[in-house]
Each structure stands twice: as structure tokens, then as C-alpha cells.
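Guided by the hints, dock chain B onto chain A, whose structure is given.
Take a look at the letters that make up each chain.
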Amino acid sequence: MYAFDFEKPSTIAEAVAALKDEDAQALSGGQTLLPTLKQRLASPSKLVSLGGIAEMQGICHNDAGQICIGAATPHARVAAEVAGDYPALAALAGGIGDPAVRNRGTIGGSLANNDPSACYPSAALASGAVIVTNARQIAADEYFQGMFATALDEGEIITEVRFPVPQSAAYVKFEQPASRFALVGVFVARFADGVRVAVTGASENGVFRWAEAEAALSANFAADALDGLSLPADGMIADLHGSAAYRAHLVAVLTKRAVANAS
Amino acid sequence: MTEIQMTVNGKAVRGTVEGRTLLVNFLREDLRLTGTHVGCDTSQCGACTVHVNGVSVKACTMLAADADGADVRTIEGMAAADGTLSALQQAFQDHHGLQCGFCTPGMVMTAAALLKENPKPTEAEVRHYLEGNICRCTGYHNIVKAILAASGQDVSAIAAE
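Protein chains in written order, with this note's numbering: chain A, 1081 to 1343; chain B, 11 to 171.
With the rest of the complex left out, here is chain A (with noise of 0.2 Å):
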């Protein structure tokens, strides 16, 4: 790693304070962000730990029913803290990396770095979440703008993640053995007024929503309601895991099998 400076703020205030400076950068758990810097792929001036700032710790409930999860919270809190609340992101977060990894990984993290692989950013796009940060509130369907893009703007925090609860919800992911990112993952979300269908690991632009398997499952919310749709390979990711081809058909596999587990 290239040296740097580093500052561990205890309030939101200040770490958004301390981002000021050029060149400065905030780290969460940092699994993505420390292996980035071991290879020399990024060269802050400044790392700013976010993990000694309790009010983005935690998760509670609001008066909208919706889970409100802080973004320093680590996966396996979140594993742990949803299962009886929101059982198929409490999955979600209980099946990224490996037991150490949860511990340190964050949610906020995991969104504002948006890997098109990571798992969280399905369920914030299929959840309809809303992203808080230190500045504002942006929903999921304008906060994903592809790979490694969001609409964070430079020094911008997020402080919590808003999930509305579904009726009912699964997410399927064919994982990556060696790195456990999903090489496909899709996460289904099945609400009064209809259903969302949000796909990871597949598509060259990030994380996306499936429209037309959303229509047909908000008319009938059942696997053969799938049968004969299907994603064209065009602008799918290929790599030596998977062709376009295979994981756009991987895509109508997964829905189908996140339909019949949601629970």
C-alpha cells in the first residue's frame, strides 16, 4: 500500500469534515477497499475510518415499518438482527464472504462501493430501499448508475439504509467459489402493489431490475409464470467463470428458483 494518513472521526459531522481534504477516502470495513490499496489500485491522501461513529451502528425499526439499518453495520449483525424481521436479507447478508468477512464488512460500504457482484446492492434495488446519507435520501431505483457508479457525490456519506419489508422475498445466488461474490445472484421482493426483481452479478452496467419477469410475477407470483422469458446475452458480463450466455441464462434460473423459495 501507498502511505497515507489516517483519521477515525466519532461523529458524522466530522468524518464528513475530514473527507474535505483532496484526495481523501472513506473506508468502512474496508474488504474491498484494503485489498484495492494492497495492489496499488488507489492512492488516498487520507483514510477515514467510519467504524468509531456509533449513530451509523446498528439497526431499529421506524414508524413506516421499514428496517432502518446503520451503514457501518457488519454483515453478520445483520445476519443475526433481521432473520425474524426480513429472513431473505438476513440470508443475504449471512452468505457474503466468509464468517470474518461479516464481521467487518459493512452494508454502506458494500452500496456505495457497488461491485456488480456484491449481493447487498440486489436487495436494496428489489427491496425499493431508500439510501440515507449525510446530505439526503435517494432511492434505490436513482442511487445504482452502474458499475462502481452510484450517485454519491464526492464526500458524501451513507448513514443508513431504509428496507421496506416485503410480504414475502428470497434471494438466489450461484456463487463464485473462490471469491463467493455471486457470479449470478437474484434477489425477488414481492410487495401489495407488485413484485421487484433485482439481478447482480450479470450485467456489465451493475446491478439491474428484471422488468419482465417483474410484470409477470405481480400477475401471477409463481415459478411457471417465468416459463419462456428469458435475457438477451447482450451486455452481460463474460469472464472465465461464465459466458453472457450462460449467466443471462442463469438469470431466469435463479428468478425462478427465488420465486419458489420466498418465504
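Just so you know, these hints were derived from the structure itself, not from any lab.
Ideal Cβ positions, reconstructed from N, Cα and C, are used throughout, including at glycine.
Be aware that one or more of the hints could be misleading.
Said to hold, decoys possible - Pulled from the structure, derived: some chain B residues nowhere near chain A, Cβ distances all over 12 Å:
id, residue
1, SER53
2, LEU108
3, HIS151
Stated by the list, open to error - Listed next, the stretches of chain B that the computed footprint assigns to chain A, with coverage defined by at least 3 CB atoms under 8 Å from CB atoms of chain A:
id, stretch
4, 63-77
5, 81-93
6, 98-105
Chain B alone, transformed into the frame defined by chain A:
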């Protein structure tokens, strides 16, 4: 440079580190606690697993400065002061849960975290929990057996591998 202090294996320690100093380097090079190993340095292999504030983390993927004020436990803190092995360590020895031993510190720390969360895991739960710890020698069978034995379960029916 940043001044840090933390508790390591029950002892208060302090040091001066660069921002980029990893927790594992602080443990190994500053504190000379070389039981915690660096295998892959990419958070894949788990040989560097330690406990920070009671939960397992990969010490190669956490900054020492971010552990300021933390309660850290390493493999050196697992045995009693007189050198008597913990039940988990003893089970690794009794059931031949290691060959070269390089991954063992991380395996023991991960297994200790598992047994704290889940005192009587099934074999499948043990194998699943070890997904972030890689062993190149044993094929895992005896590691799993040792952990099951340390949890107080009868492993006599599991064949020696």
C-alpha cells in the same frame, strides 16, 4: 504516524504505527506475536484470523490504527499461562487436526469463534463456518473432527482419515 493502544491477550499494549500498517503486521512485527500467520495477504486463506472485540477478523485486512482501543485475542492467548492447551487446541493435537501447521492458528481462532456462537455445531455447520480458512494439507477431515470433539460431541464413529 499514529499512536495506538489496545489490549492483546489481556495485556495492555501500545505502539506507533503508520496509517497503512495492518493489524497482523503490528501483532507480528511490533509485538513479536508471530503465531498469527500471513498466508495469502488477500483475506482468502484465514491464516491471520484473530479475534477483535470478541469476533473473528482477518488481521491482514484490518488496519492496526482501526483496532485502536480494541480487545484483541491471538493464538498466543488461547493456552493457559502455564502452557496448558485449551480444550480446542488439545483436540487438534488429539485428532491430528494439522499437518504442516501453517493454517492452524487461524483454524483454531475461527473454530473458537464458532463454538462461542454455536456450542454444539453439526458437522455441516463446522464445514460451512470454515469456508474462509484454507488448509492445503489435511483435506479438513481431522480439523472438523477436532472441532466436533472440542464441542464435547462423540467423534468415535468418525473414521480416522
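Evaluation of the provided hints:
In this structure B/SER53 is not separated from chain A by more than 12 Å, as the shortest Cβ-Cβ distance comes to only about 6 Å. No beta-carbon of chain A is positioned within 12 Å of the beta-carbon of B/LEU108; the least distance is around 19 Å. Chain A leaves B/HIS151 outside its interface by the beta-carbon criterion, the shortest separation being 19 Å against a cut-off of 12 Å. Against chain A, the stretch 63-77 of chain B contributes 9 residues with a C-beta closer than 8 Å to a partner C-beta. That satisfies the three-residue criterion, and the hint holds.
With 0 residues having a Cβ less than 8 Å from any Cβ of chain A, the stretch 81-93 of chain B misses the three-residue criterion, and the hint is violated. With 0 residues bearing a CB less than 8 Å from a CB of chain A, the stretch 98-105 of chain B misses the requirement of three and the coverage assertion fails.
Of the hints listed earlier, those the structure fails to meet are numbers 1, 5, 6, in rising order.
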